[in-house]
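So the chains spell out like this:
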Amino acid sequence: MAYRSYILVCGGTACESSKANAIYESLLNEVDGQGLSEEVQVIKTGCFGFCEQGPIVKILPEDSFYVQVTPSDAKELVEEHIVKGREVKRLLYDKEGSKKHAKVEDIKFYQKQFRIVLRNCGFIDPENVDEYIAREGYSALEKVLFEMSGDEVIQELRTAGLRGRGGAGFPTWMKWNFTKQVKDADQKYIVCNADEGDPGAYMDRSTLEGDPHSVLEAMTIAGKTVGANQGYIYIRAEYPLAIHRLEVAMAQARDYGLLGKNILDSGFDFDIEIRLGAGAFVCGEETALLASIEGERGMPVPRPPFPAVKGLWGKPTVINNVETWANIPVIIMKGGDWFSQIGTHDSSGTKVFALTGKIRNSGLVEVPMGTTLREIIYDIGGGIANDKKFKAVQTGGPSGGVITEEFLDTPIDFGSLQKLGSMMGSGGMIVMDEDDCIVDVTKFYLEFSVEESCGKCAPCRIGGRSLMNILDKITKGNGTIEDIEQMKEIGHAMKQASLCALGQTAPNPILSTVKHFEAEYLAHINDKTCPAGKCKSLITYNILPDLCIGCTACARKCPTAAITGERRQVHVIDQAACIKCGACFETCKFGAIEIR
Amino acid sequence: MAKMTLQELRKLRDSKKTEIQKRDLSGKETQIIVGMGTCGIAAGAKNVLDTFLTQLEIHNLNSVVVTQTGCMGLCYVEPTIEVIAPGMPSVIYGKVDAEVAKKIVEEHIIHKRMVSEHVFDRPSVDIIKDGGK
Ligand SMILES: Cc1cc2nc3c(=O)[nH]c(=O)nc-3n(C[C@H](O)[C@H](O)[C@H](O)COP(=O)(O)O)c2cc1C
Ligand code: SF4
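Protein sequences, first through last, are from chains A and B.
Residue 911 in the working numbering is what sits at position 408 of the first sequence, and the numbering runs on without skipping anything.
Residue 64 in the working numbering is what sits at position 52 of the second sequence, and the numbering runs on without skipping anything.
No lab work stands behind these hints: they were computed from the structure.
This one's a predicted model, so the numbers in the text were calculated from it and none came from an experiment.
Here a beta-carbon is modelled for each residue, glycine too, at the ideal position from N, C-alpha and C.
There's no promise every hint is true.
[Unchecked claim] Below, simulated DSBU-like cross-link-like pairs (lysine-lysine); rule was C-alpha separation at most 35 Å, straight line:
| no. | chain 1 | residue 1 | chain 2 | residue 2 |
| --- | --- | --- | --- | --- |
| 1 | B | Lys23 | A | Lys837 |
| 2 | A | Lys547 | A | Lys892 |
| 3 | A | Lys1039 | A | Lys976 |
| 4 | A | Lys646 | B | Lys28 |
| 5 | B | Lys107 | A | Lys522 |
| 6 | A | Lys891 | A | Lys946 |
| 7 | A | Lys522 | B | Lys28 |
| 8 | A | Lys1083 | A | Lys1060 |
[What the hints assert, rightly or not] Negatives, chain B to chain A, calculated, CB over 12 Å:
| no. | residue |
| --- | --- |
| 9 | His71 |
| 10 | Glu90 |
| 11 | Glu118 |
[Stated by the list, open to error] Covered, in the sense of this in silico footprint (three residues per stretch, anywhere, with C-beta under 8 Å from a C-beta of chain B), are these stretches of chain A:
| no. | stretch |
| --- | --- |
| 12 | 539 to 547 |
| 13 | 620 to 628 |
| 14 | 632 to 638 |
| 15 | 756 to 762 |
| 16 | 863 to 869 |
Just chain A, with the same shape it has in the complex:
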């Protein structure tokens, strides 16, 4: 026999610490006491990701969501909800509080996430077109083929206020309109940018793996709207599963007559081909990408002319990012008005972020624009892992910057992040804690940009390298106070003179960290210390004689045999032989190793 009700008690780390265990016990007792243990199951769950309101209790099948529950509420929950079937109103989450971003009526407000792009990810079998169709798939295409004019489609996108999700945030309707308005072209193209090269980003990969048809449908819609018959998906070869799912989806769509000649008997032809990229970051830049599809070396060229009027093989080309594409069918289906109500005035809709780093609940999150960083990090992400202290969050990858504690309540949209000296970027979001060295992290991003620079223009090629040299000097303890000014100067020059956004944005991580963490740079420069204990040249490992019991564990772990000492005697590290790998620090159970 199945149970009649299920009481779920949040057992996430955050709730656990706020008495979830006691609540679980009292609920069990109550259920037992009422003689209901055959009908009701009490279960501990994982984290629901709403820790700020914890502990949380959820009752199924009604899906009632109770917050800030205490052990003494157990009796009332069982007597009222389970026995009498009446929800305990005073414990239900107050929906009023969170209406500020998402005005759409049917959102369950306790969930801060709202999924438009990822609507089908985790719901459908991506290799079965029928499941996509059953969830309203290809109904937007129906509308565009049989009911709407091209101008109406563009108007709908304009009302929606959709801006490109690939980084720059350019209004999508304008791009489409430029291409549509070119009258004398014998061919036009539609391109999907699935290059996704930012370190830490995997939003586009997951979208393509989980819902490939949404992109195919959207590209076909664009083809019909602007008058193009051929599409290309440019995807990096490092994404084999996404490529496989796209190929399966394309074959099924062709089979059903949803792609190819005379789609749904409408007289409209459209087909798509996949082009594999070799994984150069710069090939994600649109002009470099188009060159790469043409078989040329992937290097940016100056714009204008923009691809929208003169793109692939010189023809008008609409190029959009995967996430931008995945929004399109929903906008057509539900209307631009619906979409424009989600998010902020500056940026409508949602944004997908890959939340990683020192965070408890890492994952792929999709939130309405206007959600604050604090909500993403603490409510959805469950806060910093291992109870460490929050230091900063990095957005925008190698083109972005860091955001510190004091700005965590800024509602995220294209404009506000830029004002903070960071960027929306494509959606990587890396959380740092007190153990991360800001100079070291900055060096990592800069190194990435320098390595990925195509070398075509001097400001990026030479400027990037000089910045790298200065940072390297600082992390080695050889920095001088003038270095900071010089980095700023080089950075500003690169911003102004570089040909493409790679070079223009490469200094951002430096400029932003120099501003927010000047003291940490100065510690490296003046005091020759690394406060986070990360920069190897500036730290030494030492054994504290008072705490060392001479267990020999560290000496056995040390790869260079730099640690000596008799059993039960205090050990010593030979600094000349030490390579600062940290193995002893990890090994010592007595906290006797100190990083200085």
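Since the structure of chain A is already known, use the hints to place chain B with the ligands on it.
Relative to the frame of chain A, chain B with the ligands by itself:
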């Protein structure tokens, strides 16, 4: 399947929708859906899928189907799976390894009891469910 016309596409959509709804409400069929994005697979989803298949065979559970889906976004508890069983609310399980998969078959599918400590939640409402309008 041959190429479709507009009418045929609409018919297919309607019939597939009813199929899914039936399964949600009263259907006899139990479904195990394994999250098979790159993240899930990297965390061992393939092994979990295989465990389900062998366990179902061992217990002779012929009316249970195992399918795959993309990433649900719960990377910190991959592999994730969903179980839709008749008479029970559908449940997302996280941190599923071979042991937990066995438990899910024995507890959830056979005895209709949820498996403690592994229940998670979908991170968001479904915007498509109400007809997408
Ligand atoms: C160095 C560099 C790398 C880029 N990488 C990507 C990428 O991986 N994916 C992407 O969609 N856009 C990327 N872009 C942005 C594209 O140039 C372009 O703006 C985008 O594809 C336009 O699509 P959207 O309007 O839908 O955002 C990159 C830009 C630069 C300068
Ligand atoms: S800015 Fe850098 S990546 Fe862009 S064209 Fe110049 S050298 Fe190449």
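field: Hints not upheld, ascending by number
entry: Going through the list in order, the structure violates hints 7, 10 and respects the others.
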